[in-house]
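As given, the protein sequences belong to chains G and V, one line each in that order. Just so we're aligned, residue 1 is where the first sequence starts under my numbering, counting upward by one. Just so we're aligned, residue 1001 is where the second sequence starts under my numbering, counting upward by one.
Hint data in this document are derived by calculation from the structure and do not stem from the laboratory. A couple of the hints might just be wrong.
Straight-line alpha carbon distances no greater than 27 Å define the calculated DSSO-like cross-link-like pairs of lysine-lysine that follow [unchecked claim]:
hint, chain 1, residue 1, chain 2, residue 2
1, G, K377, V, K1338
2, G, K384, V, K1255
3, G, K338, V, K1255
4, G, K338, V, K1377
5, G, K293, V, K1338
6, G, K293, V, K1347
7, V, K1176, V, K1255
Label-pair ranges, simulated between beta-carbon atoms [claimed, not checked]:
hint, chain 1, residue 1, chain 2, residue 2, range
8, G, K129, V, D1348, 51 to 61 Å
9, V, Y1426, G, S430, 52 to 62 Å
10, G, D463, V, Y1426, 50 to 60 Å
These stretches of chain G come out as covered by chain V in the derived footprint (C-beta under 8 Å, 3 or more residues) [stated by the list, open to error]:
hint, stretch
11, 105-119
12, 123-130
13, 136-148
14, 213-225
15, 342-351
16, 410-424
17, 439-452
Think of the CB as a built atom: it goes at the ideal place given N, C-alpha and C, for glycine as much as any other residue.
Protein chains: 2
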Amino acid sequence: MKALIMAGGQGTRFWPLSRELYPKQLLKLGDKHTLLQQTVLRLDPLIKPRDIYIITSGKLLVDIKSQLSEVDKGVLSGNIILEPGPRNTAPAVGLGALYMKKADPDSVMAVLPSDHLIKENKKFLATLKKAEALARKGYLVVFGIKPARPETGYGYIRLGKPLGGGSYKVDSFVEKPDVKTAEGYVSSGEYLWNSGMFVWKAGTILDEMKEHMPGLHRSLMKIGRALGTGKESARLEEEFGAIKPQSIDYGVMEKSKNAAVIIADFPWSDLGSWDSIQDVMPADSEGNVTVGKVVNLGCKDTTVYADNRLVAAVGLTDMIVVDTPDATLVCRKDMAQKVKDVVGALKDRGFDEYITHKTVQRPWGAYTVLQTGPMYKIKRIEVKPGAKLSCQMHHHRSEHWIVVAGTATVTRGDDVFPVHVNESTYIPMSTRHRLENPGKVPLQIIEVQNGEYLEEDDITRFDDDYERV
Amino acid sequence: MKALIMAGGQGTRFWPLSRELYPKQLLKLGDKHTLLQQTVLRLDPLIKPRDIYIITSGKLLVDIKSQLSEVDKGVLSGNIILEPGPRNTAPAVGLGALYMKKADPDSVMAVLPSDHLIKENKKFLATLKKAEALARKGYLVVFGIKPARPETGYGYIRLGKPLGGGSYKVDSFVEKPDVKTAEGYVSSGEYLWNSGMFVWKAGTILDEMKEHMPGLHRSLMKIGRALGTGKESARLEEEFGAIKPQSIDYGVMEKSKNAAVIIADFPWSDLGSWDSIQDVMPADSEGNVTVGKVVNLGCKDTTVYADNRLVAAVGLTDMIVVDTPDATLVCRKDMAQKVKDVVGALKDRGFDEYITHKTVQRPWGAYTVLQTGPMYKIKRIEVKPGAKLSCQMHHHRSEHWIVVAGTATVTRGDDVFPVHVNESTYIPMSTRHRLENPGKVPLQIIEVQNGEYLEEDDITRFDDDYERV
């Protein structure tokens, strides 16, 4: 069996902790591994690293590679599929199926979101194995979750004829219900939540797409013919431009006669919004979840996430407070679904706090913007032991570097020299330079940029360990 | 008439905007002047600047002088009285009375808090004038406010025999009532709020203290004999150590037979907590007061104060959110009185966000701590045109300075040299140095400190324009 991990999420629902360039799947939420890393690790030993495919967007590639390398599971870099743009789940699934069918025409593929929470892994793997058997018989298998509450945020699946071993034909898919309807679904025992996890043969899903989504199928076939050739990325770009966004649920599952559902009885959460954070973090006796430097006076059922600074919460009930270095969210718990509208409002108003964090991860370490002012910008730069930034040049800024921890090797023009703690150096405009940590402990420098244009895109790269030239 | 402005407030109720070293009276709340500056300006032309006395604590002296110099009202620096420690209002009033009686034995003194809001200044001055006449007859006059609502946070005054012109003998002072009692007070028309503003002869209040607070009076007499001599500050220190904290209301007013109240019919607020911010800042049609970079989705009657960073508020009703660079408060409006308990909790837990802001005002400009790390600290320093820091030395740190705006004159040991934009210099440990802005625009430098001890008290001053040597 192969797995297609869907890692193209947009990072709107967990704002301000998630950002467009650092979405939920890249976050650690109450675990030492990120949700993406957990998704990969969870497949061991049923699915081999070389059989894991990850589909995402180019702007997340560096971070995803970096996170995979941390868990060192041997996921092949050729198995990372880049979508030219977000087109919902059906095109991503189709693209994954093309890759897998090419690798092995009989491939069974599990489609797994990269940002869900799953516990009791043995049960998960057992369910996956049973689903594989159904998939080999030609079924499109969806994982159904026994509803724990009359949730109105999920789609439901009505059970049809039993197929044995906790699996059923799907009678029908139903859209997100209102509370009353949801209560009826839960008490009837005939409905399961649609988890968004699927298992099928790559060939089967492509055949079903041919029947139910012929336009998408035609595009996929054109892409398929270019796969592995020099034309692949141009063809992908071209076809994806014309593909309409569509979900696999609406596009195929709701129309197919071969849909089956298997009961998934492991603890699961889609972590769909901030109010689900209590699924991953323990609450105190008053139902409060607090992370970081928090002073709580008389709060109840309230989540306070303080990244770095102090947060004082007084008399709050059923609230969510999330504090990050550049943005704070205060939200009623039952309106947590509106957080994505906040991100929309930020875009509309030209604010940029939805794009990145103040601290930006890089393959060589990280940088934090401490301050921006007219004609200057101050960054703290941390370089991992043995790592180096690209050899680069800026046309519009000079840089002062002061080492505050570790030792740097600085290349400036033709000179190469060490800079130690409490020493500084200066990089004039339009001068080739490179920063490297030759040591065994992290290097930290403070960079003061001066110039009339101080954006990240004023960079000309000459050489790079991370293929960004 | 003279005025004693009480400016020793502790800065707990408006935390995190107010701090121990930057209390409410120093804040601008919806006005171009701070509350202290407004209090001084409000007395013009009735009370001359040289007749204004300000009583405060030494740790606020520099900021108070700096704020007075900004409004340039000619308040004499000899009129700033420093209390050795907080002892509530009675000792402060007594000390002020000593000063005033010494200047003129027939002084009438108005006692005015420095952090109240008053509008319609003509009415205020007219009330002050009428109170002066009563004070000259020997009354202790308190300003009473017609209650606008059954407030449970104030003491009330029951009206006695009319004295004409909107003034009355005081029948009795009553403590903060419960809601039901307060409602009765308001509907009876016989009660006024106790505003904490008083007018009396300096001699009268000292006589009343002799009767009702004999211990305090004895201490004051000892201090009085040392006034203006070389022993003054030692005597003050000595006596204040033994004085019990006591309010003038409880210590004298409630016991005196000569208490009178005058109806103050100007708009007034004591700005006693964050929920009174709506008295100074305009609300939108939904009752929301927002300051700064705020995204509001469906909030009602909510105050969001964003100092610098972005705050998103979703679905809040009757809430207060206050965001500052190092601390955020989220508080139910009807629990705004609990904010002082937050400050208590911070002290108990050893957090220091109640002491100062990240940006600290100095007579020569301001500095902001951008980041602290092990063995390093980064500051942005802004020096006003023409101003200079003290000539100083540090034993435990060296400093890198990078000029990002303006031009600096740097003294380092025996050298004096200019440092321009995009230039840097280095001050080794134990080296005398001085930073000066010789120019016409603000000087901004980034300072990176390196060393094993980086606190403000590692400073030896040799020369200072602001008498801090």
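Can you take a look at whether the stretch 123-130 of chain G is actually covered by chain V? Rule is 3+ residues, C-beta closer than 8 Å.
-> violated (count 0)
Are K338 (chain G) and K1377 (chain V) close enough, with their CA atoms no more than 27 Å apart?
-> violated, 39 Å
Establish whether the coverage given for the stretch 439-452 of chain G by chain V is satisfied; the threshold is a Cβ-Cβ distance below 8 Å, and no fewer than three residues must meet it.
-> Holds: 4 residues of the stretch 439-452 of chain G have a Cβ under 8 Å from chain V.
K338 (chain G) and K1255 (chain V): Cα distance at most 27 Å?
-> Given pair K338 (chain G), K1255 (chain V) is violated - Cα atoms ~58 Å apart, limit 27 Å.
With respect to the beta-carbon atoms only, verify the hint that Y1426 (chain V) and S430 (chain G) lie 52 to 62 Å apart.
-> With Cβ atoms ~25 Å apart, the hint is violated.
Check of the stretch 342-351 of chain G against chain V for coverage (Cβ-Cβ below 8 Å, three residues minimum) | Per the Cβ count (5), the hint holds.
CB of D463 (chain G) to CB of Y1426 (chain V), is that within 50 to 60 Å?
-> With Cβ atoms ~31 Å apart, the hint is violated.
Chain V covers the stretch 105-119 of chain G, three or more CB atoms within 8 Å, holds or violated | violated (count 0)
Assertion that chain V covers the stretch 136-148 of chain G - criterion: three or more residues, beta-carbon distance below 8 Å = violated (count 0)
CB of K129 (chain G) to CB of D1348 (chain V), is that within 51 to 61 Å?
-> holds, 55 Å
Holds or violated: K293 (chain G) to K1347 (chain V), with C-alpha atoms at most 27 Å apart = holds, 14 Å
For the stretch 410-424 of chain G, do at least 3 residues have a Cβ located nearer than 8 Å to some Cβ of chain V?
-> holds (count 3)
Going down the numbered hints, you'll see the structure goes against 1, 2, 3, 4, 9, 10, 11, 12, 13, 14, while the others check out.
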